[in-house]
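Here is what each chain is made of, one letter per residue.
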Amino acid sequence: MAKKNKAGTVMVVGGGVAGVQAALDLTELGFYVYLVEKSAAVGGVMAQLDKTFPTNDCSL
Amino acid sequence: MPATYFIDPNACLHLQHDTCQICVPVCRSRAIDFTQKPVEKELNVGAVIMSPGFGRVPDEALTKYSYGKHPDVVTSIEFERLLNPSGPFAGNVLCLSDKRHPKKLAFIQCVGSRDLGCNNGYCSSVCCMYAIKEAMVAKEHDPDLDITIYYMDIRTQGKDFDAAQKRAQEQFGIKFVRARVADVMGWNNRLKLTYSTMAGTHSFESYDMVVLSVGLDAPKSARELAEIGDFELNQYDFCKTETFAPLASSKEGVFVAGAFQGPKDIPESVTQSSAAAGIASGLLKKQRGKGIVLKSYPEEKQLAADEEARIGVFVCHCGINISSVVDVPGVDKYLEGMEGVVYHAESLYSCSQDAQETIKQKIKEHNLNRVVVAACSPRTHEPLFQETLKDAGLNRCLFEMVNIRDQCSWVHANEPEEATSKSKDLVRMGVAKARHIQPLAEQTVPVITKALVIGGGVAGMTAAMNIADQGFHCTLIEKNDTLGGNLNRVQHTVKGEKVPELFKQLSAKVKKNKLIDVQTNTELASISGFVGNFHSVLKTAKGKKAEENTIDHGVVIIATGGREHRPEKVLGAPITYSDKILTQQELEIRLAGKGKNRAPKSVVMIQCAGSRGDDLGYCSKICCTNAVKNALKIKEINPDYQVIILYRDIRTYGYAEDAYREAREKGVIFIPYEMDNKPKIETKAKRITVSFFDPILQDEVAVSPELLALSVGIVPEGTETLSKLLKVPVTADDFFLEAHVKLRPVELAVDGVYVCGLAHSPKPLDEVIVQAQAAAAKAAIPLVRGSVSVEPIVSHVDKDLCIGCGICTALCPYQAIQMVKGDDKKPKAETIIASCTACGICASHCPTFAISMGGFTNEQIFSQIKAFGEEKEE
Numbered sequence: 018m019a020k021k022n023k024a025g026t027v028m029v030v031g032g033g034v035a036g037v038q039a040a041l042d043l044t045e046l047g048f049y050v051y052l053v054e055k056s057a058a059v060g061g062v063m064a065q066l067d068k069t070f071p072t073n074d075c076s077l
Numbered sequence: 005m006p007a008t009y010f011i012d013p014n015a016c017l018h019l020q021h022d023t024c025q026i027c028v029p030v031c032r033s034r035a036i037d038f039t040q041k042p043v044e045k046e047l048n049v050g051a052v053i054m055s056p057g058f059g060r061v062p063d064e065a066l067t068k069y070s071y072g073k074h075p076d077v078v079t080s081i082e083f084e085r086l087l088n089p090s091g092p093f094a095g096n097v098l099c100l101s102d103k104r105h106p107k108k109l110a111f112i113q114c115v116g117s118r119d120l121g122c123n124n125g126y127c128s129s130v131c132c133m134y135a136i137k138e139a140m141v142a143k144e145h146d147p148d149l150d151i152t153i154y155y156m157d158i159r160t161q162g163k164d165f166d167a168a169q170k171r172a173q174e175q176f177g178i179k180f181v182r183a184r185v186a187d188v189m190g191w192n193n194r195l196k197l198t199y200s201t202m203a204g205t206h207s208f209e210s211y212d213m214v215v216l217s218v219g220l221d222a223p224k225s226a227r228e229l230a231e232i233g234d235f236e237l238n239q240y241d242f243c244k245t246e247t248f249a250p251l252a253s254s255k256e257g258v259f260v261a262g263a264f265q266g267p268k269d270i271p272e273s274v275t276q277s278s279a280a281a282g283i284a285s286g287l288l289k290k291q292r293g294k295g296i297v298l299k300s301y302p303e304e305k306q307l308a309a310d311e312e313a314r315i316g317v318f319v320c321h322c323g324i325n326i327s328s329v330v331d332v333p334g335v336d337k338y339l340e341g342m343e344g345v346v347y348h349a350e351s352l353y354s355c356s357q358d359a360q361e362t363i364k365q366k367i368k369e370h371n372l373n374r375v376v377v378a379a380c381s382p383r384t385h386e387p388l389f390q391e392t393l394k395d396a397g398l399n400r401c402l403f404e405m406v407n408i409r410d411q412c413s414w415v416h417a418n419e420p421e422e423a424t425s426k427s428k429d430l431v432r433m434g435v436a437k438a439r440h441i442q443p444l445a446e447q448t449v450p451v452i453t454k455a456l457v458i459g460g461g462v463a464g465m466t467a468a469m470n471i472a473d474q475g476f477h478c479t480l481i482e483k484n485d486t487l488g489g490n491l492n493r494v495q496h497t498v499k500g501e502k503v504p505e506l507f508k509q510l511s512a513k514v515k516k517n518k519l520i521d522v523q524t525n526t527e528l529a530s531i532s533g534f535v536g537n538f539h540s541v542l543k544t545a546k547g548k549k550a551e552e553n554t555i556d557h558g559v560v561i562i563a564t565g566g567r568e569h570r571p572e573k574v575l576g577a578p579i580t581y582s583d584k585i586l587t588q589q590e591l592e593i594r595l596a597g598k599g600k601n602r603a604p605k606s607v608v609m610i611q612c613a614g615s616r617g618d619d620l621g622y623c624s625k626i627c628c629t630n631a632v633k634n635a636l637k638i639k640e641i642n643p644d645y646q647v648i649i650l651y652r653d654i655r656t657y658g659y660a661e662d663a664y665r666e667a668r669e670k671g672v673i674f675i676p677y678e679m680d681n682k683p684k685i686e687t688k689a690k691r692i693t694v695s696f697f698d699p700i701l702q703d704e705v706a707v708s709p710e711l712l713a714l715s716v717g718i719v720p721e722g723t724e725t726l727s728k729l730l731k732v733p734v735t736a737d738d739f740f741l742e743a744h745v746k747l748r749p750v751e752l753a754v755d756g757v758y759v760c761g762l763a764h765s766p767k768p769l770d771e772v773i774v775q776a777q778a779a780a781a782k783a784a785i786p787l788v789r790g791s792v793s794v795e796p797i798v799s800h801v802d803k804d805l806c807i808g809c810g811i812c813t814a815l816c817p818y819q820a821i822q823m824v825k826g827d828d829k830k831p832k833a834e835t836i837i838a839s840c841t842a843c844g845i846c847a848s849h850c851p852t853f854a855i856s857m858g859g860f861t862n863e864q865i866f867s868q869i870k871a872f873g874e875e876k877e878e
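These protein sequence lines map, in sequence, to chains A and B. Residue numbering for the first sequence follows this note's numbering, starting at 18 and increasing by one per position. Residue numbering for the second sequence follows this note's numbering, starting at 5 and increasing by one per position.
Just chain A, with the same shape it has in the complex (with noise of 0.2 Å):
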């Protein structure tokens, strides 16, 4: 690989589930996050979920 000097730096596209879990880990593991969500607010599919399979645990 050519010889860059990369960014200590991370972009997550999307705020559902995954990329806000994704952003909590890179923060914990040292990096600077750039979270990208294009509606109001993140939480994605599973903040609209009711229950989840299969305990029936409260998705929120």
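It is worth saying that the hints were derived from the structure and are not from the lab. Wrong hints could be hidden among the right ones.
The calculated SDA-like cross-link candidates involving lysine to any residue, where the alpha carbons are at most 25 Å apart (straight line), are [claimed, not checked]:
#: 1; chain 1: A; residue 1: K68; chain 2: B; residue 2: K299
#: 2; chain 1: B; residue 1: K299; chain 2: B; residue 2: E386
#: 3; chain 1: B; residue 1: K454; chain 2: B; residue 2: T735
#: 4; chain 1: B; residue 1: K143; chain 2: A; residue 2: Q65
#: 5; chain 1: A; residue 1: K68; chain 2: B; residue 2: K179
#: 6; chain 1: B; residue 1: K746; chain 2: A; residue 2: Q65
What follows is a list of derived Cβ distance ranges for each label pair [unchecked claim]:
#: 7; chain 1: B; residue 1: F872; chain 2: A; residue 2: A64; range: 37 to 47 Å
#: 8; chain 1: B; residue 1: Q822; chain 2: A; residue 2: S56; range: 28 to 38 Å
#: 9; chain 1: A; residue 1: L41; chain 2: B; residue 2: A15; range: 52 to 62 Å
#: 10; chain 1: B; residue 1: L815; chain 2: A; residue 2: S56; range: 39 to 49 Å
This structure is a prediction, so every number in the text was calculated from the model and none was measured. Even glycine gets a Cβ: it sits at the ideal position worked out from N, Cα and C.
Once you've looked at the hints, dock chain B against the given chain A.
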């Protein structure tokens, strides 16, 4: 569901028609600013993780079932909303047409999935689960509701998912019908659903409501993102990846996680996210810490032991949330002259940014050394106020929160006087406790920045590589004399990728890496310590002797794997394994060989051989895909050879569905069987006869194949011993039990211990690799930090009072109390602060009151209780 209010630009009169603006002056916090415009920003980043989720399936997949034409045909996400207590009918399931309670309801599976009509050939992998969930929740709301699920295959292949399906059927009485639904039409004020079964019969049934289990499509923005990010998509417009690097897009530095990688459920999405974070962390390890901004605090003010309490109390209106019921000015006035209170005030929103500034200013102005906020729940807001105290140079434990919202204005909304009087009681008690609260030290425990990985299969090797990529040392132990585990046997993936090549590359990289210490013939003999500080004894077999060595490490990753189960009986028939009766893995090895007769001219494959209740209780997730893989290989060798697969449900979820379809197109015969009419296996003088009921012919059929291949399940290896050594729980099926099934899928109940691969549950190669990467990412977190921070609220043992009875040690659910030798040589209890969760069980059981909890000492709690009985004169 934004956490703060948001102006919907499409609905806003001002943004659309340049009128209105009523909101601007009425907002008391002056938070609305219409001068803000969208801005374009250029960012320099080292890596990108694509997690845009999934999109909607095409409309034509829905409209053929009268969706959009009849209001009582709803999608599964709409039905989910109907079930929700915060939904349109407060959780009551009502027909949208006339608001009646439905009596009969049907789910139609595979809407927009496994459907070439809308170019979605794949299985969406989640719909069976959510349909069962929604059906069960609907039954909880209304036990008399009659529910039928129309399906092709029930694909509950995930960990413990089959058990939930069984519960739905047996306990909840939900009906499952294997059929294809032709159409749904309005019929009087109900719906007529026409379906055809395997036997070729067409029937119809009427329903009040029909729920369409819609699949997951590629996100709408997929092509745009691919163009911007310069990476490739697969034939279904999801991000294209390979089995051996499941999260790498075709563009270097761009990774993918979640449903955009392929349809998947929450735990797998969360696992992929952690894994992608770990890979990015490896790529950018030299830049670690350079981009982050660390917050600094003023030096903490030291309190003298006899320093008098100077308490400031802030009583919150919470807009009108509290003050519409509780007389907030009255509560504030009540504080005047209370012992220790030197400042008190009302606050409109005590959590707002300007209120934090006010609190800091008042701390300085009045030299406050304790702060009480009477507002909402400490569960949500205590950290915010503690942060404000830190900013003002006070220890964060000099804070007490009183909940006059949940406990007063909410629960006593109709009794404002009583609510106010209770608020006064609670505030008085909070102040009484605050007079006794003390600063507590922020404690950290240093971490040994090394990892131990147990198991040298694909999971263990991948995890070790990832730990090393991130710059940390790792010991990889394997009980056999070579690395590889199941990779020594698997030949190729269903997509045709060659597994021995992956194995060769991966093991070479692992052996070459200077940060990885590989020890074969080695097992874990014992382990002690806690997160950040484990001490392990490793036992290495050297001929007949064994050598022991000790290592110190901060984290443990369990990757002990699993193996093919070899049931002694299949479908009631005793099995003698031979060159005529093989497992799928044995068949795969034979097919990969060079022998002329390596492929049988005729073969019967039996799915769920010894699984799903036959011997093992669970589904092993990979056997269906493996059977299809071997069937395709046979057809590749000779298209005329006959392959019959007897199955219960074909579970080729995700993209493996393509291979299933290809196998059918190439003439592989798939025949379902029911548990109440099982196939019969007979072996007489080397002749195998399998007889079964063919639902298409509606008759019994007997065949004598050259070979019988058993799709056996997977059992974990050595989890019993390891779970005892590490004190981590296993499931009823002996797989390791994760800390939280959805949100912490690779962590175990003991901090610093992680799991991946078949030791967690059976899964295919790509999922094993992702899970191993995720476990490595999670394990790297304490290694990166270099220390584990401990909440100041932990238990503390007064050694002078401790009599060494050991009750607390036995009761502690977290192994957080150890017995040590005291100065007087007698045993004394001691808290391992890194493991303590401050549950308080030890303190409440100590017979000599030797244990106290930080922030909840006896003195503090007694003073609070005493204050309850003493009414202040007004």
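May I ask which of the numbered hints given earlier this structure violates, with the numbers listed in increasing order?
1, 3, 8, 9
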